[in-house]
Amino acid sequence: MSAAQAMPGSNPAALARWRQARRRGHMAVLAVTSLLLALSVWAVQGSVIPGTDWRRMGGFAEVVTGFGRFLPPDPTLLPTLFEPAVQTILIAIIGTLLGAVMSLPVAVLGAANLRPLGMPGYLLARGLMTMSRSIHEIVWALIFVSAVGLGAFAGILALACRSVGFVSKLLAEAIERIDMRPVEAMKAQGARPLDMVRHAIVPQLLPIGLGTLIFEWDINVNRAAVLGLVGAGGLGLTFHNQLIASNYAGVTTVLLTILAIILVGEAISVRLRRRLV
Amino acid sequence: MFESSDMAQLRFVPARHAAPAAALAEPLLQVENLRVRYPGAPEDVLRGVGFTLAPREFVAVIGASGSGKSTLLRAINRLVEPSAGSVRLGDIEVTALQGGALRRCRRRMGMIFQEFNLIERYRVLDNVLLGRVGSQQALRALFSIYPATMIAEAAALLNRVGLGAFLDQRVDALSGGQRQRVGICRALFQAPELLLVDEPTSSLDPRIANDIMAQIRDLAQESGVAALCNIHDVALARQFASRVIALRDGIIVHDGPFDELDEAALGGIYAATDRSRL
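Chains as they are written, first to last, in my numbering: chain W, 8 to 284; chain B, 3 to 280.
Only chain W is shown next, with the shape it has when bound in the complex:
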């Protein structure tokens, strides 16, 4: 008998349940760690080693020479990058806003504490969130390029659909964590349901929603830059053109421009989040 069991007033049955729960927790951590380790070994053995063309890679010197072709950047390309750069930024802004509008109903349907359309609506919303996140933005862009043709519109739709998964999931989780005490107070004073949503729920969601939106816009600037690779407009198209023309110095110029846009976007998003959230 342990010391705790011997203590007068202790509950041996509850103590035994606590020990059992703790043992189960340790076993679960051990099982998950072992599984991840085994998967990593299997992935390296089954995919990385046989799936790499080791002979073509050549020696270290050849790898360095390969990288050297990208330097120095080609500054003569810069004037032609202004228009696609602006297009990339606009695709990111409009794609994010459209994604936010699409996310609202999905978040409300997918919040476990609301479920306005019951379990079918909840499952539908959760399915949409998963689908949006699991399909890569390039794949979304390919789908929309084939649906609405080449250009920025396809890029905007692709980003909007890609954003729904992340924005609606975070928004649904924020709804689930709402402090219900102000809602209770408004209910007690005879407020209408719409008043409760407007004054007790929206003010709680607004900072989280805005923070998520700014973060998503930041990511979407990055995504918009590569969507042009599949014909969805912006800098990605210029990048693709430089690559197929084997102008590697031009590729570096485009990459540096994308990097500059992302850095400026990140600086803006940090300042906005600090002010609004």
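Please note that a few of the clues may not be correct.
If you anchor each label on the Cβ, the simulated ranges turn out as follows [stated by the list, open to error]:
| no. | chain 1 | residue 1 | chain 2 | residue 2 | range |
| --- | --- | --- | --- | --- | --- |
| 1 | B | Asp213 | W | Met34 | 28 to 38 Å |
| 2 | B | Ser137 | W | Asn120 | 20 to 30 Å |
| 3 | W | Pro86 | B | Ile153 | 49 to 59 Å |
Interface residues of chain W toward chain B, partial, derived using beta-carbon atoms under 10 Å [unchecked claim]:
| no. | residue |
| --- | --- |
| 4 | Glu69 |
| 5 | Arg184 |
| 6 | Leu201 |
| 7 | Pro214 |
Calculated from the structure, these hints are not laboratory results. C-beta atoms are modelled at their ideal positions from N, C-alpha and C, and glycine is treated no differently.
With chain W held as given, fit chain B onto it using these hints.
For chain B alone, kept in the frame of chain W given last:
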């Protein structure tokens, strides 16, 4: 907007005044055989509670944690659904109301909460104005548009509790005592006939607790509002209420003047609670 000099001149005019003597004979609130059982719970939290409350009366409800004090208040304004029994406010059967009728009835009952339940990101004055949001037109309520007279009245009420200089502050910047004062103002701004006060001082230190209780009692008296006040602290209940309702395990074990409660009776109220209900 109002300047601070204007604030000093504004006075809160109580929404209701002393009821005529004849009206005092009629109870404002009648609770009969009230029972509450939470979904999935093995037994009732309230087990046939009954009492009446006269207009302007200030009554303390005491009892140990888990005795059913908060549930009683929440069953009166239907934040918690009673499983049986009757609650009448004036001539209205509260337990029979639904939808808009229930909301209109709730506007006649102000509630002060233990943890204030304010909109933390709103400013002090906006929180008080929300006390009447339900009686505003829907569009005005949606966009927080209030008549100037209403804004002046809310500002005067805040002045009355010493928060006149803080009305433009965000609530999350205030201390616990200040927040509770905002909660009191919000409830009184509803111009209610009945105040339901749930442990208003539990989150506050003893010195501030005394001030808060005094303000609730004084403002309720000035406004001619009856109050049913849950108080965990027996000394505070003795100081501020002439009548006390004592609950133990969901049953009223005392309803009358505090003087009739001796130490043995108080010991029984607080010691004999079924511990599994805590």
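Evaluated hints:
Distance hint check: the CB atoms of Asp213 of chain B and Met34 of chain W are about 55 Å apart, inconsistent with the given range 28 to 38 Å. With their beta carbons about 28 Å apart, Ser137 of chain B and Asn120 of chain W fall inside the hinted range of 20 to 30 Å. With their beta carbons about 57 Å apart, Pro86 of chain W and Ile153 of chain B fall inside the hinted range of 49 to 59 Å. Below 10 Å, beta-carbon pairs count as interface contacts, and Glu69 of chain W has none with chain B, the closest being about 60 Å; its hint is therefore violated.
Here the hint on Arg184 of chain W is broken, as its CB sits about 14 Å from the closest CB of chain B, past 10 Å. Proximity of Leu201 of chain W to chain B holds as hinted, the smallest CB-CB distance being about 7 Å (cut-off 10 Å). Interface restraint check for Pro214 of chain W: the shortest CB-CB distance to chain B comes to about 8 Å, inside 10 Å, so the restraint holds.
When each numbered hint is compared with the structure, violations occur for hints 1, 4 and 5.
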